[in-house]
Amino acid sequence: MRRLPRLPAPAPCLGPSQIPSIPLRAPAATITSAAAAPTPNPRMNDRRYLSTTPPNPARLKKPTYEFDLDLAPENAPETHTRRQPVPTQFRYPCGRRNAPNPAELDDATYRPAETADGLEEVGSIADWFEKPEHWGYPGGAAEYVRRAVGSFGPVEKVTDPVLLEVLVKRAIVEALVVARSAKGKSLETRAEVEQVFAHTADGVYRLRDIVAVDILPSGSEVATLEKAETTRVWDVLRGAVPSEAAGEKEGKKKRLLQRSLVPLVHARNLVSSPSWDNGWKKAVLRNTVAKFWAVKRIQQLTGHRIPDSKLIGDVTVGAILKMLEEPAKPPKLAELLEAKAAFQDLPNVRVFPRRVTPIDKDKMEGRWKIITRELQERELPIIGTGGYSGPFEKRWVEGK
Amino acid sequence: MTVRALQKISVARNGVGAFILQCKKMDFHYCDWAGSSKGMNGFIKSLLPKFAAAHPQIEFTVSPRPAKHPVIIAHYINGREKAVCVRNMEPFEILKKAELLRDASGEKLRRVTKPVSSINESVRGIWSPYHGEGMRV
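These protein sequence lines are chains F and X, in that order.
Counting in full-length UniProt numbering, the first sequence tops out at residue 400, every number present.
Counting in full-length UniProt numbering, the second sequence tops out at residue 137, every number present.
None of these hints come from the bench; they were simulated from the model.
There is no bait here: all hints are sound.
List time: in silico DMTMM-like cross-link candidates among lysine to aspartate or glutamate, alpha-carbon distance up to 20 Å:
(1) F:Lys363 with X:Glu59
(2) F:Lys361 with X:Asp27
(3) X:Lys97 with X:Asp27
(4) F:Lys400 with F:Glu121
(5) X:Lys25 with F:Asp345
(6) X:Lys50 with F:Asp345
(7) X:Lys68 with X:Glu93
(8) F:Lys227 with F:Asp209
(9) X:Lys24 with F:Glu365
(10) F:Lys340 with X:Asp32
(11) X:Lys25 with F:Glu365
(12) X:Lys45 with X:Glu93
(13) X:Lys45 with F:Glu335
(14) F:Lys361 with X:Glu81
All chains, please: the whole structure from these sequences, using the hints.
This is the structure:
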């Protein structure tokens, strides 16, 4: 329908009877649609006002708001109960405290501040957990992470290939010991195994004795251990757990919290010794229980988590070792060109090892000194926009 | 009287008349990580040394541009520049593009309909009906 531009008629004065104030002011009462529906106001809908079509009363009809007095918040039954506080070592900000009313103070010299000048700055709780004492430990967040993650493995993954090789062999030997001796099948023996592993979580304890075990007997492809070796290694491992009767409770606790790393020199000496044979890497890990304990122990010793999908079927120990070793980064082209000296004799070629930025181009042309000087004279930021990028008016409004 | 040109020995005028390569500089940008730069990296390693040695009058710069497609940007003596994206190209395809940019004049591509185009005046001068012997009707 064609709409003709017309001069708008003078708007009627909005009297108090036209303002739908009842739904806003009535606290809890049944309000009918007749009372809630506002009178059609031509100023409230310009589109309808300009059209020659009469307004549809159905579209102007407002839904009826009915409030049940019984279900009002003050009358509602208290169904939720206060949750018990979770015991934690974190220190949380205390609740809000209100300052006393100036009228109730006895101090006659007290005068409320009218400006913020000279007032003590209390700060906010935005940087609450930046302070180390709020983490419950003197070391702060770093110590918390070290203690929390320490039971699962080192905070940082072991990346040195020699160290990985030694620790993986230890993990495989220990996993085979646990799988062979049916340890960890019941809850008691499982707790014992976990206790042993927790006390040797750094992998230092009797390392040479454990990695000297041959996991690939002659004529076999599958990683197995002889019964005598199993018993011997298990006895060695159990020696790491101090007895309760000896009163070494404190020492045990201290040992659990302290975590030392296998010295790299020690690992290199082991690998370079003539008795170290790489034949054990061809051993196939077939036993599912051994795989489970191997994954668990590898995570504890090296910090690497091996997904289950990579352990389906027959997996060799060498393949597991390869999963953990980080592939060497490919060399950069600029480094290759420098090593090859491809453009050494060509004076018309320049090779840059990193991206040439606009500032680099200005420096090449000799403009950068002048630009810097002129910006400094005008007290403008030399690099960046000085916080005046994006919706900075919005940040002013938000008080940031 | 016919307008006659001044008889003068030709002098060198800033090399006008001699051949000057219009391309003065070529920038080769690559990315160390992206697969689209594989051919470009091979070109820079294997073909660019020979290409640069054959054109000592062109300045070459090689610089990485991480997370971007490889590109060749040629700068010309008329102040213009031309850029060609060489993503996913083989080294010899990139060599063709480098030769194309080397041979370009730097001008915008226009359709040429006349065999000769010059900004110099004609050596014969402008024809005038009031000079010379005139035509008998």
